[in-house]
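Working from the sequences, and respecting the hints, build out all of it.
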Amino acid sequence: MNITLIISAVVLVSAIGAVLGVIIGVIAKKFAVEVDPKIEIVDELLPGANCGGCGFAGCADFAKALVENRTEPNKCPVCDSNAIAQIAGELGQSATEKEKIVAVVLCGGSNSHTKGNVKYNGVLDCKSANNIQGIKGCSYGCLGYASCARACPFDAIEIKDGLAIVHPHLCVGCGKCVATCPRTLIKMVPEKASVHVFCASPEKGPLKRKVCTVSCIGCTKCTKVEGEEGTVKMVGTLAEVNYDNPPTENIVDAAKCPTKCLSNRHWKQLRK
Amino acid sequence: MANEYLVITIGAILVNNFVLSKFLGICPFLGVSKKLDSALGMSGAVVFVMTLASLITSVIYKYALSVPFNIAGQEVNLKFLKILLFIVVIASLVQLVEIVLQKLSPSLYQALGIFLPLITTNCAVLGAAEINASVGRGVLQSTIYGFCAGIGFALALILFSSLREKLDLADVPLAFKGTSIALITAGILAMVFMGFGGLFNIT
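Those protein sequence lines, which keep their order, are chains Z and X. Residue numbers for the first sequence follow this note's numbering, so the first one is 1116 and each next one is one higher. Residue numbers for the second sequence follow this note's numbering, so the first one is 6 and each next one is one higher.
It is worth saying that the hints were derived from the structure and are not from the lab. Nothing here was measured: the structure is a model prediction, and the numbers come from that model. Mixed in with the good hints, there may be bad ones.
Here are the simulated SDA-like pairs of lysine to any residue, each with C-alpha atoms no more than 25 angstroms apart in a straight line [said to hold, decoys possible]: (1) Z:K1336 x Z:Y1255; (2) Z:K1291 x X:S43; (3) X:K84 x Z:L1135.
Here it is, written out as structure tokens:
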């Protein structure tokens, strides 16, 4: 047993350890970055999903902007009014109410309602599938290859029978899905609007009807319902809901939409 | 002389690539390769830390550990402490750099982000220091080797993450989806890099 060896090893290692410890301690003191403790408190209150719906790089960045007074608490689409009030209280501001918005896919053409004339075998992504004409027969409808569902940080989009459906109670309105749809079918709407025209094709009625049994054929019935004037308007051959003044659910029964394109069916099916 | 540096450079990047032929640093190779963005961040951090760690550890090894010294008439050789000391030194070095960066260059600190503390005692970083010590390279050569090993790691990681991004969109049979197809791809990539073995051979 070489006692000198053991002792010198212990001495060397502890000496280097002590020196490094002192250096780190001194440097940490000298180079300390002062962080406003408020940022941490606000960050705790934020959802932490880093969805980017507020327009900042993530929740931590948003918290920093909040404390520096560069933005307002209600810019976070995920927080409910309770959390926003809490954050505003932390910052010494009064909370302002905001309306909840959710995404909706304005197409009703599931596989069983449409008639396609091609079989797509390529990359399973909407951007790629969009290059092929004739999937489901309609060049404006939902392709169903789940680009939006993959982009959703909250798993709020489901592909059902080849059609993307947003679950409104899971959707927080961050808007990430909107940009992923190559056919721009996803629209951010107020949550209280429950009736939509599930069609986005500007083509003529008979052409649409040939490939899709649930398309808007432009009969204008829904624009003439009594008591709901101005809630649905025609844009060319397509009826469009006026989201500034959305129709009530009564319009669905009153309008008797022949293709059931004007509907609240998603909301009925998906509500908890 | 110049020839020697060329051998170190090409050897570390291609022939004896850290990930694909030495199989060091596999955890970040599989863990941070899902997205090209994070792979780039990780690569930058690894190149940075490996270069710095190789420099410091080679100085310590050359001037403190490899020289036997006399204590009370007995010759003491402390070479066996190298791995122990390398871990401590590299870890505290990275800590130091992180603290200083946060103050002096917040933008670089943001870019390296979480990856800097993640690789404090990554086996690839430690491996570079250990290889330098056991081969007996000088300080300059060690630093160049560390830098090139980092570049080699970055090359493998960026290639692999680009492949994985494509694989995500491919129609992979259900049984092979996810990690298993990634491992198969890594294996094929490693075999491809074996092709460089014919160039020349160094450790």
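For each hint, the structure was consulted:
1. Z:K1336 x Z:Y1255: holds (23 angstroms)
2. Z:K1291 x X:S43: Cα-Cα ~20 angstroms, so holds.
3. X:K84 x Z:L1135: With Cα atoms ~20 angstroms apart, K84 of chain X and L1135 of chain Z stay inside 25 angstroms; holds.
The structure is consistent with each of the numbered hints, conforming to all of them.
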